[in-house]
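Trainee: With chain W fixed as given, assemble chain C onto it according to the hints.
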Amino acid sequence: SQQGEEDPQALSIQEGENATMNCSYKTSINNLQWYRQNSGRGLVHLILIRSNEREKHSGRLRVTLDTSKKSSSLLITASRAADTASYFCATDAATGFQKLVFGTGTRLLVSP
Amino acid sequence: DTAVSQTPKYLVTQMGNDKSIKCEQNLGHDTMYWYKQDSKKFLKIMFSYNNKELIINETVPNRFSPKSPDKAHLNLHINSLELGDSAVYFCASSNRWTGRMNTGELFFGEGSRLTVL
Numbered sequence: 058s059q060q061g062e063e064d065p066q067a068l069s070i071q072e073g074e075n076a077t078m079n080c081s082y083k084t085s086i087n088n089l090q091w092y093r094q095n096s097g098r099g100l101v102h103l104i105l106i107r108s109n110e111r112e113k114h115s116g117r118l119r120v121t122l123d124t125s126k127k128s129s130s131l132l133i134t135a136s137r138a139a140d141t142a143s144y145f146c147a148t149d150a151a152t153g154f155q156k157l158v159f160g161t162g163t164r165l166l167v168s169p
Numbered sequence: 017d018t019a020v021s022q023t024p025k026y027l028v029t030q031m032g033n034d035k036s037i038k039c040e041q042n043l044g045h046d047t048m049y050w051y052k053q054d055s056k057k058f059l060k061i062m063f064s065y066n067n068k069e070l071i072i073n074e075t076v077p078n079r080f081s082p083k084s085p086d087k088a089h090l091n092l093h094i095n096s097l098e099l100g101d102s103a104v105y106f107c108a109s110s111n112r113w114t115g116r117m118n119t120g121e122l123f124f125g126e127g128s129r130l131t132v133l
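Note that the protein sequences, when read in sequence, are chains W and C. In terms of this note's numbering, the first sequence opens at residue 58 and continues consecutively. In terms of this note's numbering, the second sequence opens at residue 17 and continues consecutively.
Cβ-to-Cβ under 8 Å is the rule here; a few derived chain W residues that face chain C: (1) Leu100; (2) Leu105; (3) Phe145; (4) Thr161.
Using 25 Å as the maximum straight-line C-alpha spacing, the simulated SDA-like pairs for lysine to any residue come out as follows: (5) Lys83(W) with Asp54(C); (6) Lys127(W) with Phe58(C); (7) Lys57(C) with Ala139(W); (8) Lys156(W) with Lys52(C); (9) Lys156(W) with Thr84(W); (10) Lys60(C) with Ser108(W); (11) Lys52(C) with Thr84(W); (12) Lys57(C) with Asn75(W); (13) Lys127(W) with Lys156(W); (14) Lys57(C) with Arg119(W); (15) Lys56(C) with Leu68(W); (16) Lys56(C) with Arg93(W); (17) Lys127(W) with Lys57(C).
Simulated from the structure, these hints should not be mistaken for lab results. Note that the Cβ used here is the ideal one computed from N, Cα and C, for glycine as well.
The following block holds chain W by itself, in its conformation from the complex (with noise of 0.2 Å):
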């Protein structure tokens, strides 16, 4: 299956933090995107990055990409408590209609 493993799955940290979460996927892709969710909540959409960056960053966010090695990271800096939520990157290797894949996830627990 396509389907993404992130690690680590669960991650507990301190406020003021950095948050590091890998995904790792199968196939070629052509995007992949990173979904916060907090809990009994749906999923949102945190960052998208396509197959020919390498890098993005959005606010405290940096998303790395690389496809040689068919893995990302999610870097959270200076995490707060509002950032306890899992992670899930989803990757997009479909052609003319978007279908995309979740990865398993990564909770995360911020502590004041």
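Mentor: For chain C alone, coordinates are given in the frame of chain W:
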């Protein structure tokens, strides 16, 4: 204003029953999806519709029947519910990707938690 709304939010029912979940989006998107999230938080695509046409069907049992009356609505009907159908079902929408310049993020509803007893 809610962009993608699903009803009901919670559904508890007995095995063997038939139930429906409704989804509506007011974003003007032409593609809608159903995803299933299990107890381990794995999220798997089930169906996708583009302008009322089924374009993705991920080997879901035929007890699950999606229906899209128009491009703003995508409903999910489940017949003969089984214990393993217990999950959170998410509706999502996006714009059709017509080339390599995909800008299509998915917008998700809040989910419908189905519990089969």
